[in-house]
Amino acid sequence: MNIDIGFKLEKSELAKSISPTENQVNIALFSHDALNQQKFSHQLKMRMIETEGEINSELLEKVEKINEEINSLLKKYEGDIKSSRDKGKLDFDIAKIFHSNLNFSRSAILNYRFWRWLTLSYFIEKVVWRWISDPNDMNKIRKNAITVFQRGFGERDRRIDTLRYWVIAERLWDRNKQYYYLDKIAESAKKNEGPFQDFINNLIDNNLYSPNENVTKVMGSIMLTGEKLFKTKELIFSFKRYHSYTNRFLIEGNEDIFRKEICLISR
Amino acid sequence: MTAQKFKIKTIESIDFPLVEFKKIISFQDKDYDIEKGLNDQVIDIHNIEINESTVLPLRQYSKSMNLKLIPEWVENNAIQELKKVIFDNEIVEETVVLNIYLLCPDTKKIFDLKKISIQEINQNKQINFDEIKLDEIEEKLIIQSNFTRNIGYSSNHTLKADKKSSIIATNREIRIYTDEVDAPGGDYLDIGPYELENLLFKVEGGFNGNLKRPKFLYHKAFDKYFKSGDYYKSVQLFLLMGLVIFSDYNLKWILLSEEFDQNNSEHMPVLEFICKVLNIKKAEFMEILELDQNEKLSKYLEITHTLQEKIQVNEINYKSFFQKLIKSELKDN
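Chains as they are written, first to last, in this note's numbering: chain A, 1 to 267; chain B, 1 to 333.
It cannot be assumed that every hint is accurate.
Calculated pairs, DMTMM-like style, for lysine to aspartate or glutamate (alpha carbon to alpha carbon, straight line, at most 25 Å) [stated by the list, open to error]:
1) A:Lys-8 to B:Glu-287
2) B:Lys-63 to A:Glu-58
3) B:Lys-108 to A:Asp-174
4) B:Lys-164 to A:Glu-22
5) A:Lys-191 to A:Glu-64
6) A:Lys-16 to B:Glu-138
7) B:Lys-282 to A:Glu-52
8) A:Lys-233 to B:Asp-162
9) B:Lys-108 to A:Glu-13
10) B:Lys-281 to A:Glu-155
11) B:Lys-160 to A:Glu-252
12) A:Lys-231 to B:Asp-292
13) A:Lys-11 to B:Asp-162
14) B:Lys-133 to A:Glu-255
15) A:Lys-8 to B:Glu-284
16) A:Lys-16 to B:Glu-266
17) A:Lys-8 to B:Asp-40
18) B:Lys-282 to A:Glu-155
19) B:Lys-133 to A:Glu-155
20) B:Lys-115 to A:Asp-183
21) B:Lys-281 to A:Glu-54
22) A:Lys-260 to B:Glu-287
23) B:Lys-281 to A:Glu-68
24) B:Lys-163 to A:Glu-261
25) B:Lys-160 to A:Glu-261
26) B:Lys-114 to A:Asp-134
27) B:Lys-108 to A:Glu-68
28) A:Lys-16 to B:Glu-284
29) A:Lys-8 to B:Asp-162
30) A:Lys-8 to B:Glu-315
31) B:Lys-276 to A:Glu-155
32) B:Lys-160 to A:Glu-10
33) B:Lys-282 to A:Glu-68
Don't read these hints as lab results, they were simulated from the structure. These numbers come from a predicted model, not from an experiment.
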C-alpha cells in the first residue's frame, strides 16, 4: 500500500494556512466545518491545500472499512459513553481497528506527512468526536477549534490522532499472540476507571522499546489487567522506576522481575 | 578547612569493551556479501558496490538483509575481568551471559535479542540475525551488546551486582548505515568532503576569495566520520569550532558579495541560518541588505562579534558540550 502521500505544503506552511491560532477565519474550519468531513475537505480545497501522491483503491477501501468499524463500535457502546473520559475508554478498541486494517511496516511511524493527510482528509469527524465534549458550545468555540487542530493536524507530530491509535496497537501487538494484550487492556479499560490515558501517553512518548514490545505488554498487563488495578501515581512511578534502572538489562525481563522490582507487587 | 571530595562508588562493572565482532552482511538470493573486521564500528551500506562499474542503492538492491556476527574476546584476560565483578564462589561461564541485539532508534524497533554463553565466544560461532526487513529501519541499525548476570545471588556485598539481568560490562556499539546520511551542514551550509592532500580542512569562497558561496571542505579520508558526527566527539568538537569560522565567511558573503541572491532557494537557507543564530527576524536582516556597501561593511563589523558569541549558545551550548567532554575524558583516564 502506497503511503508516500501527503499535502503538497510543508508542515509549517500548512500550519500557517489552516491553524486557528494563525488566523481567526480558521476557527470556523476546525469547529463548524470539522463536524462534517465533506465540508472540511471542501474548505481545504478552497484554501488550495492539495494532495500529492497516488491514492490507491486499497487504501480507500481500508479507510472506508475503518470508518465503518469505528461507527459500529460507537453504536455498540452508545449508551455507555457519557463524557469525553468515557470516549477514552474505547481508545484501545479503535487502535486495534486502525492497526488491523493498516498493515504498515514499522517505518510508517515516521511518516508524519502521511498520517496528517490521512487524519485531515478522512477522520476529522472522529477527531471532533474523541476530543470535544460539546461541539456546539459557543463559549468554547475557539478552544475546541485549537484542540481539533492539535489532534488532527498534530503540531506535535506524535499527537496526530490516527498515528496515535496505530502506535498504541503497534506497541501492544505480539508476534505470537497477536492482539491478546491489546484486547485484555481494552476490556479492562471499558470496565474500570484507571490510568489508561497515562499508559497511552507512555506508549506514545517514552523510549520503552524492546524486542517484540516485551516491556509495554508486560507492564500494561500487570498494571491494568492484573489482580490490582494501578492508580495513576503507581503507574507513573513504575515507568519512572523502569527508566531509572540503567544498570539493569530489562528489555527482555520476565513478568516476575517486572512484578517484584518495577511494579512493586509482592506475591 | 578545605572540602573533601568523595568518590561514590556504585555497583562494580567493567567500563571497557570485552568483546568485538566480525560482521558478515548478506542479502537474500544475492551472491554479494560484505565482510567487516573486528574494529569496524561504522559500516555504510547505503550504496552497494556490486562490482567496479555497478553501484546500487541498498533499498533498490534488496528488501532485507542477514547479519552474522562472530564474537571474539578483545583481551586475553577477559574472563578474569568478568570474574572480578561476580562473587568468589561463582563460575563466570554459569553466571554471565552475552546479550546481543539490534535496534533502529528512529523507528524504535528492536530486533530479536540473542543470548550467547561465554563458552561460545572465540569459537568462530556465528550469531545469525536473519531477514532483517529494511522497511523497519530508517537511516541506521545499531548493534548493541553487553554482559549481564544470568542468575541472581543473595549477598550482603553492596558493591557487587547480585540481581539477575544486572549489566556488568557493555561493549562498543556498531552502526550500520542503511540510508545516506545528510552532510554535516544540513540544508543550511555547504560542507563536504574533498581531496585536500595534507590539509584537514579549507574554507573556499566567501568575500575575500572569489566571491562565491563559501564552502567548508574537509579531507575526504574522514568523510564517513563526519557523516556520522554524532558518534565521534572529536568530529563534533571540530565542527563546532569550524562553524565559528565558517559562519563568519557566510555572513560576509551575504552582506558584502554581489552574488548573494534573495530569490535563490539555495542561498536563502544560509541567511535563515544566520538569522536563527543571531535570533533576529528575516525581515529585519533583509533591511540591512538594502543599505549601501559602506554601511553594510560597518554592519558586518558590528554583527561578526555577536555572531561569534551567539553561535556558542545556539542549538548546542559550547560550554556545556566542552564540560561534558572533559568530564568523560577524566572518567576514561
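Consistency of the hints with the structure:
Proximity of Lys-8 (chain A) to Glu-287 (chain B) is assessed by CA-CA distance (about 31 Å); at most 25 Å being required, the pair is judged violated. A C-alpha spacing of about 22 Å is found between Lys-63 (chain B) and Glu-58 (chain A), which places the hinted pair at or below 25 Å, so the restraint holds. Between the alpha carbons of Lys-108 (chain B) and Asp-174 (chain A) the distance comes to roughly 15 Å, so the proposed pair stays at or under 25 Å and holds. At most 25 Å may separate the alpha-carbon atoms for a hinted pair to count; Lys-164 (chain B) and Glu-22 (chain A) exceed this at roughly 54 Å.
Using a Cα cut-off of 25 Å, the hinted pair Lys-191 (chain A) and Glu-64 (chain A) is violated, with the two alpha carbons roughly 29 Å apart. For the hint linking Lys-16 (chain A) to Glu-138 (chain B), the alpha-carbon distance of about 29 Å lies beyond 25 Å, and the restraint is violated. Proposed proximity of Lys-282 (chain B) and Glu-52 (chain A) is contradicted: the alpha carbons are some 29 Å apart, above 25 Å. Distance check on the hinted pair: Lys-233 (chain A) and Asp-162 (chain B) sit about 29 Å apart at the alpha-carbon level, beyond 25 Å; violated.
Between Lys-108 (chain B) and Glu-13 (chain A) the alpha-carbon distance is near 28 Å, which puts this suggested pair outside the 25 Å criterion. With a C-alpha separation of about 22 Å, the suggested pair Lys-281 (chain B) and Glu-155 (chain A) falls inside the 25 Å cut-off, and the hint holds. Proximity of Lys-160 (chain B) to Glu-252 (chain A) is assessed by CA-CA distance (about 22 Å); at most 25 Å being required, the pair is judged to hold. A distance of roughly 68 Å separates the Cα atoms of Lys-231 (chain A) and Asp-292 (chain B); the hinted pair therefore is violated under the 25 Å criterion.
Taking the CA atoms of Lys-11 (chain A) and Asp-162 (chain B), the gap is near 50 Å; set against the 25 Å cutoff, the hint is violated. The hinted pair formed by Lys-133 (chain B) and Glu-255 (chain A) fails the criterion: a straight-line CA distance of about 29 Å is larger than 25 Å. The straight-line distance between the Cα atoms of Lys-8 (chain A) and Glu-284 (chain B) is roughly 29 Å, outside the 25 Å bound, and the hint therefore fails. This hinted pair checks out: Lys-16 (chain A) and Glu-266 (chain B) have alpha carbons roughly 23 Å apart, not beyond 25 Å.
Proximity of Lys-8 (chain A) to Asp-40 (chain B) is assessed by CA-CA distance (about 41 Å); at most 25 Å being required, the pair is judged violated. A threshold of 25 Å between alpha carbons decides the hint, and for Lys-282 (chain B) with Glu-155 (chain A) the separation of about 23 Å falls inside it, so the pair holds. Taking the CA atoms of Lys-133 (chain B) and Glu-155 (chain A), the gap is about 30 Å. The hint is violated against a cut of 25 Å. Straight-line distance between C-alpha atoms of Lys-115 (chain B) and Asp-183 (chain A) comes to about 31 Å, which puts the hinted pair past the 25 Å bound.
Under the criterion of a C-alpha separation no larger than 25 Å, the hint pairing Lys-281 (chain B) with Glu-54 (chain A) is inconsistent with the structure, at around 38 Å. Taking the CA atoms of Lys-260 (chain A) and Glu-287 (chain B), the gap is near 65 Å; set against the 25 Å cutoff, the hint is violated. The straight-line distance between the Cα atoms of Lys-281 (chain B) and Glu-68 (chain A) is roughly 48 Å, outside the 25 Å bound, and the hint therefore fails. Between the alpha carbons of Lys-163 (chain B) and Glu-261 (chain A) the distance comes to roughly 10 Å, so the proposed pair stays at or under 25 Å and holds.
With a C-alpha separation of about 18 Å, the suggested pairing of Lys-160 (chain B) with Glu-261 (chain A) holds against the 25 Å cut-off. This hinted pair does not check out: Lys-114 (chain B) and Asp-134 (chain A) have alpha carbons roughly 52 Å apart, beyond 25 Å. Only pairs whose Cα atoms come within 25 Å are accepted, and Lys-108 (chain B) paired with Glu-68 (chain A) is rejected, the gap being roughly 31 Å. Simply put, Lys-16 (chain A) and Glu-284 (chain B) have alpha-carbon atoms about 20 Å apart, close enough for the 25 Å limit, and the pair holds.
Proposed proximity of Lys-8 (chain A) and Asp-162 (chain B) is contradicted: the alpha carbons are some 57 Å apart, above 25 Å. This hinted pair does not check out: Lys-8 (chain A) and Glu-315 (chain B) have alpha carbons roughly 29 Å apart, beyond 25 Å. Of the supplied pair hints, the one linking Lys-276 (chain B) and Glu-155 (chain A) holds, its CA atoms being roughly 21 Å apart against a limit of 25 Å. At most 25 Å may separate the alpha-carbon atoms for a hinted pair to count; Lys-160 (chain B) and Glu-10 (chain A) exceed this at roughly 54 Å.
Our distance criterion of 25 Å between C-alpha atoms is broken by Lys-282 (chain B) and Glu-68 (chain A), whose separation comes to about 48 Å.
Hint violations for this structure: numbers 1, 4, 5, 6, 7, 8, 9, 12, 13, 14, 15, 17, 19, 20, 21, 22, 23, 26, 27, 29, 30, 32 and 33, all remaining hints satisfied.
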